[in-house]
Amino acid sequence: MQESLLSFMGIVISFIILLITFYFVLFLKFYKKPKQGQAIVRSGLKGVQIGIHKGVYAIPFFHTLEYVDLTTKQLNIEHKENEGVVCKDFIRVDIKINFWIRISTTPDDILRVSNAFGCKTTFDQMKINDIFRAKFSEAIKTIAFTYEYEVLHDKKAEFKNEILLLIGKELNGYILDDCIIEYIKQTPIVFLNPSNIIDSKGIKKINELTEIKN
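Note that the UniProt record's numbering numbers the sequence shown so that position 44 is 44, with each residue one more than the last.
Bear in mind the hints are in silico, worked out from the structure with no lab data behind them. Among the clues, some could well be false.
Claimed, not checked - Calculated lysine-lysine pairs in the DSBU-like style (CA-CA distance at most 30 angstroms, straight line):
hint	residue 1	residue 2
1	185	73
2	156	46
3	141	205
4	156	88
Unchecked claim - Quick list of simulated restraints, FRET-style, between CB atoms:
hint	residue 1	residue 2	range
5	35	178	21 to 29 angstroms
6	115	30	19 to 27 angstroms
7	102	134	49 to 57 angstroms
8	170	205	35 to 43 angstroms
9	142	74	17 to 25 angstroms
10	55	120	17 to 25 angstroms
11	45	191	54 to 62 angstroms
12	135	35	26 to 34 angstroms
13	204	76	26 to 34 angstroms
14	46	74	31 to 39 angstroms
15	165	74	16 to 24 angstroms
16	157	46	48 to 56 angstroms
17	177	52	12 to 20 angstroms
Where a beta carbon is used, it is the ideal one built from N, C-alpha and C, also for glycine.
Turn these sequences into a full structure, and let the hints steer you where they fit.
Here is the structure:
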């Protein structure tokens with residue numbers, strides 16, 4: 001009787017050990033944890049789940065996994081020469097501004113980025129540039145046209161803040177952290193087109209300012 005009980009207990013213990021081992025193997029095989037600076041988007045059985053700091057379980061055939069890049073991206077906007085930005089007094093300026101954007105680390109925003117742009121796009125610097133370049137460039141042009149050249153040159157901090165305000169902090173799940181004006185300088189007159197109405201006014205203004213300074 002005692003031997004039978006010991007034998008039964010041995011079977012139970014072996015079964016428990018087997019279950020623990022099986023569970024541990026499944027844990028290692030199906031548990032996926034994101035790398036530093038990334039998030040996981042799991043879709044399939046039981047809907048969508050976002051893994052940011054913690055991992056998610058992904059069972060083959062029942063779940064699909066995609067990764068999202070959460071690292072900060074630098075977007076450089078430059079207008080110069082024939083593409084110089086027009087100021088209020090019609091003087092063109094060469095300008096370069098560096099922007100820093102990143103994806104918000106909330107599950108809802110990560111899901112928004114995933115749906116709007118696709119997870120793979122978040123790793124592609126060139127595609128991210130294409131997505132935001134037009135919006136950022138238009139903001140620069142819009143705000144620059146409210147300043148005369150000399151005022152713009154002297155009030156860079158104010159100019160920067162107005163650009164940030166116009167673009168806004170929230171960009172379909174992305175966040176605009178900051179921007180830095182690398183340079184603002186008058187576009188050389190050789191790149192201006194006298195037959196262009198705006199450029200002709202700019203040339204006239206430049207000549208007037210030059211005469212005053214002389």
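Evaluation of the provided hints:
no.: 1; hint: 185 with 73; verdict: 26 angstroms, holds
no.: 2; hint: 156 with 46; verdict: 51 angstroms, violated
no.: 3; hint: 141 with 205; verdict: 19 angstroms, holds
no.: 4; hint: 156 with 88; verdict: 15 angstroms, holds
no.: 5; hint: 35 with 178: 21 to 29 angstroms; verdict: 25 angstroms, holds
no.: 6; hint: 115 with 30: 19 to 27 angstroms; verdict: 25 angstroms, holds
no.: 7; hint: 102 with 134: 49 to 57 angstroms; verdict: 19 angstroms, violated
no.: 8; hint: 170 with 205: 35 to 43 angstroms; verdict: 38 angstroms, holds
no.: 9; hint: 142 with 74: 17 to 25 angstroms; verdict: 22 angstroms, holds
no.: 10; hint: 55 with 120: 17 to 25 angstroms; verdict: 20 angstroms, holds
no.: 11; hint: 45 with 191: 54 to 62 angstroms; verdict: 60 angstroms, holds
no.: 12; hint: 135 with 35: 26 to 34 angstroms; verdict: 30 angstroms, holds
no.: 13; hint: 204 with 76: 26 to 34 angstroms; verdict: 32 angstroms, holds
no.: 14; hint: 46 with 74: 31 to 39 angstroms; verdict: 37 angstroms, holds
no.: 15; hint: 165 with 74: 16 to 24 angstroms; verdict: 20 angstroms, holds
no.: 16; hint: 157 with 46: 48 to 56 angstroms; verdict: 50 angstroms, holds
no.: 17; hint: 177 with 52: 12 to 20 angstroms; verdict: 18 angstroms, holds
In summary, the structure is inconsistent with hints 2, 7 from the numbered list given earlier, while agreeing with the others.
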